[in-house]
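Build out the structure end to end from the sequences listed, making use of the hints.
2 protein chains.
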Amino acid sequence: MTPERATERRLIEIIRRASAGGPGVRVGVGDDCAVLESDAGSLLLATTDLLIEDVHFRRRWAEPADLGWKSLAVNLSDIAAMGGRPRWALVALACPEGTSLDEAEAFFEGVLALASEHEVAVVGGDTSASPRGWIVNITLLGEATGAPLLRSTARPGDVIAVTGSLGRSAAGLALLERGAAPAGLSAEVLADMTAAHLRPRPRVGEGRWLAAAGGVTAMIDLSDGVATDLGHIAEESGVGARVGIDRLPVDAGVRAVAATLGRDALAWATGGGEDYELLLTCEPGALARLVDGLLAATGTRLTAVGEMGPTDDGVRYTDATGREVAVGPGFEHFVTGRVRG
Amino acid sequence: MTPERATERRLIEIIRRASAGGPGVRVGVGDDCAVLESDAGSLLLATTDLLIEDVHFRRRWAEPADLGWKSLAVNLSDIAAMGGRPRWALVALACPEGTSLDEAEAFFEGVLALASEHEVAVVGGDTSASPRGWIVNITLLGEATGAPLLRSTARPGDVIAVTGSLGRSAAGLALLERGAAPAGLSAEVLADMTAAHLRPRPRVGEGRWLAAAGGVTAMIDLSDGVATDLGHIAEESGVGARVGIDRLPVDAGVRAVAATLGRDALAWATGGGEDYELLLTCEPGALARLVDGLLAATGTRLTAVGEMGPTDDGVRYTDATGREVAVGPGFEHFVTGRVRG
Numbered sequence: 097m098t099p100e101r102a103t104e105r106r107l108i109e110i111i112r113r114a115s116a117g118g119p120g121v122r123v124g125v126g127d128d129c130a131v132l133e134s135d136a137g138s139l140l141l142a143t144t145d146l147l148i149e150d151v152h153f154r155r156r157w158a159e160p161a162d163l164g165w166k167s168l169a170v171n172l173s174d175i176a177a178m179g180g181r182p183r184w185a186l187v188a189l190a191c192p193e194g195t196s197l198d199e200a201e202a203f204f205e206g207v208l209a210l211a212s213e214h215e216v217a218v219v220g221g222d223t224s225a226s227p228r229g230w231i232v233n234i235t236l237l238g239e240a241t242g243a244p245l246l247r248s249t250a251r252p253g254d255v256i257a258v259t260g261s262l263g264r265s266a267a268g269l270a271l272l273e274r275g276a277a278p279a280g281l282s283a284e285v286l287a288d289m290t291a292a293h294l295r296p297r298p299r300v301g302e303g304r305w306l307a308a309a310g311g312v313t314a315m316i317d318l319s320d321g322v323a324t325d326l327g328h329i330a331e332e333s334g335v336g337a338r339v340g341i342d343r344l345p346v347d348a349g350v351r352a353v354a355a356t357l358g359r360d361a362l363a364w365a366t367g368g369g370e371d372y373e374l375l376l377t378c379e380p381g382a383l384a385r386l387v388d389g390l391l392a393a394t395g396t397r398l399t400a401v402g403e404m405g406p407t408d409d410g411v412r413y414t415d416a417t418g419r420e421v422a423v424g425p426g427f428e429h430f431v432t433g434r435v436r437g
Numbered sequence: 097m098t099p100e101r102a103t104e105r106r107l108i109e110i111i112r113r114a115s116a117g118g119p120g121v122r123v124g125v126g127d128d129c130a131v132l133e134s135d136a137g138s139l140l141l142a143t144t145d146l147l148i149e150d151v152h153f154r155r156r157w158a159e160p161a162d163l164g165w166k167s168l169a170v171n172l173s174d175i176a177a178m179g180g181r182p183r184w185a186l187v188a189l190a191c192p193e194g195t196s197l198d199e200a201e202a203f204f205e206g207v208l209a210l211a212s213e214h215e216v217a218v219v220g221g222d223t224s225a226s227p228r229g230w231i232v233n234i235t236l237l238g239e240a241t242g243a244p245l246l247r248s249t250a251r252p253g254d255v256i257a258v259t260g261s262l263g264r265s266a267a268g269l270a271l272l273e274r275g276a277a278p279a280g281l282s283a284e285v286l287a288d289m290t291a292a293h294l295r296p297r298p299r300v301g302e303g304r305w306l307a308a309a310g311g312v313t314a315m316i317d318l319s320d321g322v323a324t325d326l327g328h329i330a331e332e333s334g335v336g337a338r339v340g341i342d343r344l345p346v347d348a349g350v351r352a353v354a355a356t357l358g359r360d361a362l363a364w365a366t367g368g369g370e371d372y373e374l375l376l377t378c379e380p381g382a383l384a385r386l387v388d389g390l391l392a393a394t395g396t397r398l399t400a401v402g403e404m405g406p407t408d409d410g411v412r413y414t415d416a417t418g419r420e421v422a423v424g425p426g427f428e429h430f431v432t433g434r435v436r437g
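Note that the protein sequences, when read in sequence, are chains A and B. My numbering numbers the first residue of the first sequence as 97 and each following residue consecutively. My numbering numbers the first residue of the second sequence as 97 and each following residue consecutively.
No lab work stands behind these hints, which were simulated from the structure alone. Among the hints, a few may not be true.
In silico negatives: residues of chain B with every beta carbon more than 10 Å from chain A [stated by the list, open to error]:
(1) D128
(2) T235
(3) P244
(4) S282
(5) V387
(6) L391
(7) D415
Ranges of calculated distance between the beta carbons of each label pair, as one might list FRET restraints [as the list claims (entries may be wrong)]:
(8) B/E284 to A/T407: 33 to 39 Å
(9) B/T407 to A/G118: 28 to 34 Å
(10) B/L197 to A/V387: 51 to 57 Å
(11) B/E213 to A/A287: 52 to 58 Å
(12) A/R156 to B/P278: 44 to 50 Å
(13) B/L197 to A/S282: 45 to 51 Å
(14) A/G118 to B/A422: 40 to 46 Å
(15) B/G275 to A/E193: 24 to 30 Å
Note that the Cβ used here is the ideal one computed from N, Cα and C, for glycine as well.
Structure (C-alpha cells):
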C-alpha cells in the first residue's frame, strides 16, 4: 500500500494538533498571526534557525523525528545562553515531493517531544513544498525576567567555564557518517554519542539557574565549538582569552570513539561543534559557588577551562605544559562554498 | 573581475548593518537572541513565512531586492490583517553557491526599504549555504494595543468588504512569466502590474485604522485569493458567505492585461492570490462610516462585495444576474505535489 502523502491539508491539520495552546497563548495556529501575552515586566527574547538538508543534516541517518527535535533544540540552546525561559515556537517546514504523512507527523512529534519538556507551545508555522530536501525554520520566543546574559560583557580576569562535556556530538557524527558500528565500543557509548548528535539536550534549566545565581558575566551556547564561540565572546567583549586544552571536559566515551576511529578527541572538543553546552565567564570569586550550586540544582557539571585576558592578548590555547597550541576552526557544514560555519 | 562572493563573514556584516536598533530593541543582531521590550499592556503578534525559489518565486524575474521586499511584505500583511503594529523582524537567508556579495546586499536592501517604511527593525537572523536556490524565512513580531481582529468572529448578516483592488498581482505574474511585453499595453500599466506582484504594498496602515475604527468583526489578508481566504473566514467563524463577483473591485489595467493575454480578469480577482489586500467583515450599519473613514485616513478604497450567511449556506458566488457561478481554487505555486497552496 502506498503511504499517504503529506498534502497541504494534512500538514495543516498536523500543525493545528501540535498547537495545543498554553499559558500566554491567546490565539495559536489558525489565524494570520499568533497572539501572545508576555509576563508583565519581562523582556522578550527571539531567535531563529534555518536547517537545510545536506547543509546541516543528512536524512541518511537523521530520522524526521530527530530533525524535529534538533531544530527546536538549537533554538532552545540560544534562549538558554541568555538565561531565558523559552515560551513559544513558530515552525516552518518544507518537504520534498514524495514525503509521506507519517514522516511529516514524525517531524512534529520530534518537535513536540522536546517542546513539552520545556513547556514550549507551538503557536504558528508555515508549510510548503520543497524542490529539494527538507527545509526547517524554527523561531523561538522566550522571556527574561532579570537581565539577559550577553556575549559582550566578559572582563579581563574572568574565569571561563563550560557545562557538561565536549566533543560528544562530533563523536556521534563521526560514528553516524561511518555507518557500521566499529568493533570495540560498547552499545552504551554508541547510543550516547549518536544521541548527543541527533537529540541534543539544550541546557535551558542550567542557563536559567546561572542567570539567577549572580556572578556570571557573559554566556554563549556552544553551537560551533569552543574555538569559534569563545572567539565571539572575546570579540564582542573586546578582551582576550586563554584556555588550557587539557582542562576541557572530555568524556571517556569520546576518547574511546576517537581512539577507535583514529581521530583527535581534543579537536572534537574545541572545534567539533553542536555540543549545545553553555560557555560562560564569571567572577573568579564566584566560581566555586557556581560549580557547587549548578551541580546541586541541575546535576550538571561546570568546569573552569581558562581565563579572560587583556584586550591585545587574542584567544590562545595552551597544553598541559603551558606551551601554546594551534586550535582549528569550528564546526563545518557539509556544503562547500558555505556562507555560514 | 569576479564579483566578490557572499561568504559567511560578509553576510553577517550585512545583517549587522541591517540591524540598526530602534525603539524596543535592547539587543539586536550579534548575540544568541534578540532582546526586545514590548509596550506595556500590549499583546504580542508573531507570524512566519518560508519562501523558496521555484516554489514561491522565480529568480528569472525576481531580483534579490524584490525578493527581500516581498519576503517582508507577506509577513507585514499578516500583521496588518490583525490590525497590529509591526515591530521586529528576524531574517534567515540561504543562498546557493556562486551568489555574489552584491546580490546578498541587494536582498537586505529590499528588506530594509520596506522595513523602514513601517518602522520595523531587523533584530535577528541566520545565514546558510543552500544546495539549490534561494531560501528565505522571515519571522515578524508586532503588537496589538486593542483586541486583534481574528478570522473566527464573523457573523451571519455581516457585510464582506475588500480594500484596494484585486487581480493586479496575478496580472503582473502573467506578464512576468510571458517575458516580452505584449503590444497594446501602456508602460504605466505594465509597471503597475509587475510592481504589484514583485513589490506588494501590505495594508498595514489600513489594518490599524480598521481595527481602531470599530464595527469590523473579522479580517484576513488576501494572500491566496478571495476564494480561499474568504473560505478561511467562513470556516473559522462557522458561517456561510455570498459574494457577487461583479462587485469585486477589478481595475481597468487588470482587465486590459487579461484582454490582451486572452485570460480571465475575474479568475485573477477571485483566485489569483498575492494581492495582499485586506478582506473584512463588518456590521452592516458600520459600512458607510468605514468606507468614508478609510478613504479619508489612508486614501484606500473599501468595497462591499457580499454578505455572510447562515452556517449551512457554504460560500457561494453569484454573477450580476444573481445566478450562482463556480469559482476556482486560490493561488497555486509552481511545484506540483505541493503541500501548501
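Do the hints match the structure? See the list:
no., hint, result
1, D128, "violated, 4 Å"
2, T235, "violated, 4 Å"
3, P244, "violated, 5 Å"
4, S282, "holds, 35 Å"
5, V387, "holds, 22 Å"
6, L391, "holds, 23 Å"
7, D415, "holds, 29 Å"
8, B/E284 to A/T407: 33 to 39 Å, "violated, 59 Å"
9, B/T407 to A/G118: 28 to 34 Å, "holds, 30 Å"
10, B/L197 to A/V387: 51 to 57 Å, "violated, 45 Å"
11, B/E213 to A/A287: 52 to 58 Å, "holds, 53 Å"
12, A/R156 to B/P278: 44 to 50 Å, "holds, 49 Å"
13, B/L197 to A/S282: 45 to 51 Å, "holds, 49 Å"
14, A/G118 to B/A422: 40 to 46 Å, "holds, 41 Å"
15, B/G275 to A/E193: 24 to 30 Å, "holds, 27 Å"
In the structure shown, a violation is registered for the earlier hints numbered 1, 2, 3, 8 and 10, in ascending order.
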